[in-house]
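*Asks:* Residue numbers (the numbering used here), protein chains in the order written: chain A, 90 to 434; chain B, 90 to 434.
The hints are simulated quantities; they were obtained by calculation from the structure and are not laboratory data. If a hint is listed, it holds; no wrong ones were tucked in.
A pair counts as met if it fits within one copy or between any two copies, since identical chains are not told apart.
Only pairs whose alpha carbons sit at most 30 Å apart, straight line, appear in this in silico DSSO-like list of lysine-lysine: (1) 237 - 363; (2) 378 - 237; (3) 378 - 363; (4) 363 - 104; (5) 260 - 237; (6) 363 - 327.
Here are the chains, one letter per residue:
Number of protein chains: 2
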Amino acid sequence: MKRVVLAAYARGNPKPGDFRIEQVALPEAGEGEILLKTLYIAVDPLLRFSVDETVLTGAGRMELGMPMVGPVVAEVVASNHPAYAPADVVEARTGWQEYAALAPDRSDYRGPPRKLDPALAPVSTALGALGGPGQTAYEGIVNVGRVKAGETVVISAAAGAVGSIAGQIVKVLGGRAVGIAGGAAKCAALLDLGFDAVADYKAPDFAAQLQTAMPEGADVYLDNVGGDVTMTVLPLLKRGARMPMCGFIAYYGVGMEGPGPDRLPGFYRLIMNKGLEIRGFAGMLAGRKGLEDIAGWMKAGRIRFPESIVEGIEAVPAAFSSVFSGHDHVGKLLVRVGAPAGPGA
Amino acid sequence: MKRVVLAAYARGNPKPGDFRIEQVALPEAGEGEILLKTLYIAVDPLLRFSVDETVLTGAGRMELGMPMVGPVVAEVVASNHPAYAPADVVEARTGWQEYAALAPDRSDYRGPPRKLDPALAPVSTALGALGGPGQTAYEGIVNVGRVKAGETVVISAAAGAVGSIAGQIVKVLGGRAVGIAGGAAKCAALLDLGFDAVADYKAPDFAAQLQTAMPEGADVYLDNVGGDVTMTVLPLLKRGARMPMCGFIAYYGVGMEGPGPDRLPGFYRLIMNKGLEIRGFAGMLAGRKGLEDIAGWMKAGRIRFPESIVEGIEAVPAAFSSVFSGHDHVGKLLVRVGAPAGPGA
Chain A
90 MKRVVLAAYA
100 RGNPKPGDFR
110 IEQVALPEAG
120 EGEILLKTLY
130 IAVDPLLRFS
140 VDETVLTGAG
150 RMELGMPMVG
160 PVVAEVVASN
170 HPAYAPADVV
180 EARTGWQEYA
190 ALAPDRSDYR
200 GPPRKLDPAL
210 APVSTALGAL
220 GGPGQTAYEG
230 IVNVGRVKAG
240 ETVVISAAAG
250 AVGSIAGQIV
260 KVLGGRAVGI
270 AGGAAKCAAL
280 LDLGFDAVAD
290 YKAPDFAAQL
300 QTAMPEGADV
310 YLDNVGGDVT
320 MTVLPLLKRG
330 ARMPMCGFIA
340 YYGVGMEGPG
350 PDRLPGFYRL
360 IMNKGLEIRG
370 FAGMLAGRKG
380 LEDIAGWMKA
390 GRIRFPESIV
400 EGIEAVPAAF
410 SSVFSGHDHV
420 GKLLVRVGAP
430 AGPGA
Chain B
90 MKRVVLAAYA
100 RGNPKPGDFR
110 IEQVALPEAG
120 EGEILLKTLY
130 IAVDPLLRFS
140 VDETVLTGAG
150 RMELGMPMVG
160 PVVAEVVASN
170 HPAYAPADVV
180 EARTGWQEYA
190 ALAPDRSDYR
200 GPPRKLDPAL
210 APVSTALGAL
220 GGPGQTAYEG
230 IVNVGRVKAG
240 ETVVISAAAG
250 AVGSIAGQIV
260 KVLGGRAVGI
270 AGGAAKCAAL
280 LDLGFDAVAD
290 YKAPDFAAQL
300 QTAMPEGADV
310 YLDNVGGDVT
320 MTVLPLLKRG
330 ARMPMCGFIA
340 YYGVGMEGPG
350 PDRLPGFYRL
360 IMNKGLEIRG
370 FAGMLAGRKG
380 LEDIAGWMKA
390 GRIRFPESIV
400 EGIEAVPAAF
410 SSVFSGHDHV
420 GKLLVRVGAP
430 AGPGA
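Please take these sequences and the hints and turn them into a complete structure.
*Replies:* Have a look at this one:
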């Protein structure tokens, strides 16, 4: 089987050459273990921290030469555990490899592999609308953002997995959704998803577009980005606006201090002048309650979940790298690694 | 009479030479006006914004050659207004001058001069515990910080007017108060006021002192400062800590961008990793309810309010400048400008 291992720690944004494809022997399911065949790999932007020598997060840094760890959807192909049977489909964190053996009873804090119901939704959505990104969008809009009907919500990285769901949740709640994305194609896709207005951060008149999109400002800013985009958004927020913060992709490539002039004084001024409420949160800590609501809204046709799928484990390094360079995909970027043997998926 | 006018906009921290003392004719109370004799001037750090060419706040910039506007306690010496009588003592925003005539019915958004009750507390406290700083401390600890019994609260600029009251409110609420101040004398004064522990930000082992002062971290950080102090505090906060933000004196001398490397990426990381809740707020918007509680606590002997008083309007420029250079005063820094003619103060 093939797997993707870390060849070099990333400097700045990860490059395909930071990874290496290896051929290794197929693992076997030992006592209490299950053997999983990977169907989909999510090239999650948060994995950026695992490949950085300077990380300060608790997520832990990868060792060079080890396969990348991250969320996947996989099929059980052999089981020595009573709770799992061949053809079951699960969400797990086995990472960037075609097969993996693991012991569900010795899983990390995220819990054992989550069994999926293919009748509920396509299993790939377990990595998107019905997985971590969906939880993050729900937590940000419903619990941290506390969005009410009639409010305007502006969302950065709106064409991404979190942003595209978040904007649709805003619409379900009766709010007005303004999406920020890079390029005309992504902006058009957001309008197609039901966003009320968009602004293209790659356009020279981004600030003017944003002002036109939300002439009275915004009550909530769901930020996934930081950097130039956020410094353009903040002056347009209403007094007392809430700012749920679930990521900062503009800074994933730098440590505690970035290369430019110090923008923290300006950030402080804007927080004070606007009386902003900012809260950092992690969707994976939010529990599964939000996913039930999202599943219901998807069934009712109120939320659609776009996916961009590329094929083959060899495509993973380039797909991961593209996440940080403003790629053209809309929704969750997935790599399809294998076809299911059973009927489950 | 004498007044202090702005001679030059501040570059970096204000210097005494940025101001000039002028001798002008005594004003008279016109129709509907009252004539006020200034008793105390508060050298409020927020006035920093009025003397800066680069300000972005709504407070408005001073014109060169004009007398500085800011909070004072004054005595009514003549009145053509039915609500005010000679010997009344008021809090007003007439600024850095020995006398001023004003029309209460044409006051700005802060409302007409507030009549003080000398029987309740010394009138100078209207510029401190029973004025803007008291409101800010109350809003930060009670409403924004939502401090509960048993929680640990760390306070920057703790020897200042806001901080010294805030720490005592924490004690009233049953919390643990940790104060950050510059120098051994200020730290000793905080312990004397009832703070449970202190850390000296001017000491080379500041970070270690802070860790010793709050070995389990803190639930709330009342920030008035920003800069190095805050970047030392944040890694020690508990997960989900609240951070009411009422000022950022470390940045008052710079515009939107500071001179050093960009610390905004590190700030984002800490917000996310700690799941922090940050909220900017202005005490003056908080209403007068908090002041009733503080007055009651002062009467009950549960809150003391230290004041540092210097004499004479000529002392105002140096006193104001000292606020930004880590002076040795504890509590509210006031300039006594005149003695009351009546018995009111």
